[in-house]
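Enquirer: Work the whole structure out from these sequences, hints included.
Number of protein chains: 2
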Amino acid sequence: MDPDAVAKAFVEHYYRTFDTDRAGLGNLYQDASMLTFEGAKIQGSQAIVAKLTSLPFQQCHHNISTVDCQPSGPAGGMLVFVSGTLQISGEQHALKFSQMFHLMPTPQGSFYVLNDIFRQPKGHTIH
Amino acid sequence: MDPDAVAKAFVEHYYRTFDTDRAGLGNLYQDASMLTFEGAKIQGSQAIVAKLTSLPFQQCHHNISTVDCQPSGPAGGMLVFVSGTLQISGEQHALKFSQMFHLMPTPQGSFYVLNDIFRQPKGHTIH
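Taken in order, these protein sequences are the chains called A and B.
At position 103 of the first sequence (counting the first as 1) the number is 103 in the UniProt record's numbering, and the numbers step up by one without a gap.
At position 22 of the second sequence (counting the first as 1) the number is 22 in the UniProt record's numbering, and the numbers step up by one without a gap.
These are calculated hints, taken from the structure and not from any lab test.
Only true hints are included.
Below, a list of computed lysine-lysine pairs in the DSBU-like style, where the Cα atoms sit at most 35 Å apart:
1) A:K96 / A:K41
2) A:K96 / B:K41
3) B:K51 / B:K41
4) A:K51 / B:K8
5) B:K96 / A:K8
6) A:K8 / B:K51
7) A:K96 / B:K96
8) A:K96 / B:K51
9) A:K41 / B:K41
10) A:K8 / B:K41
11) B:K96 / A:K41
12) B:K8 / A:K96
13) A:K51 / B:K96
14) A:K41 / B:K8
15) B:K8 / A:K8
For clarity, every value in this text was computed on a predicted model and none was experimentally measured.
Expert: If you want it as structure tokens, here you go:
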């Protein structure tokens, strides 16, 4: 399958899940998964979901500006780099963000997130 | 060695080389290396250096705001995520950018760049 199409489908699924059922993101991570969220390091699906569901806002909507992807090596992984904005309910301005995912294949032919790094430009923080 | 220290040392070396001797960046890439620069895909050390040295500015200075890193899997690689600003000589405003590197170990105990993705927020382009 076309890697760009896989990356785009993953990104759409990820942020749609984030915006509608944040706890459902747990299925995309495994025990070895790592999240660095605005510098805070978290490991494991359960801890990552706890972090994401405890962010200080409920309703939000991600708008994606760009999606880039590259194969990450012989293990069949894929790097996905996203830029976009995050509109939080009740906030006037959307916040810019950049995020990268390292997707690794599962035996079932799907992907899970091994690495996840999220950053916003300095001046706004939501962590 | 501490991965955060390796990542920081790499980032300082990379942007110092970019700002003073751009052609010298070729030593950090190999034939399998990939660069996605503002959506343009380039492969191989030689083509990557040709792209970077043909950017439409000569003097520039990168300022680094954040460096995050994570191990990328059993092959000993490391993901490095950078945010910062790029000041181009003669331009009034510095440009924000985000960039990610996937570093892989060499037999000599060093690292090379396997993956490199560079993006600026929409509205400014230097490619």
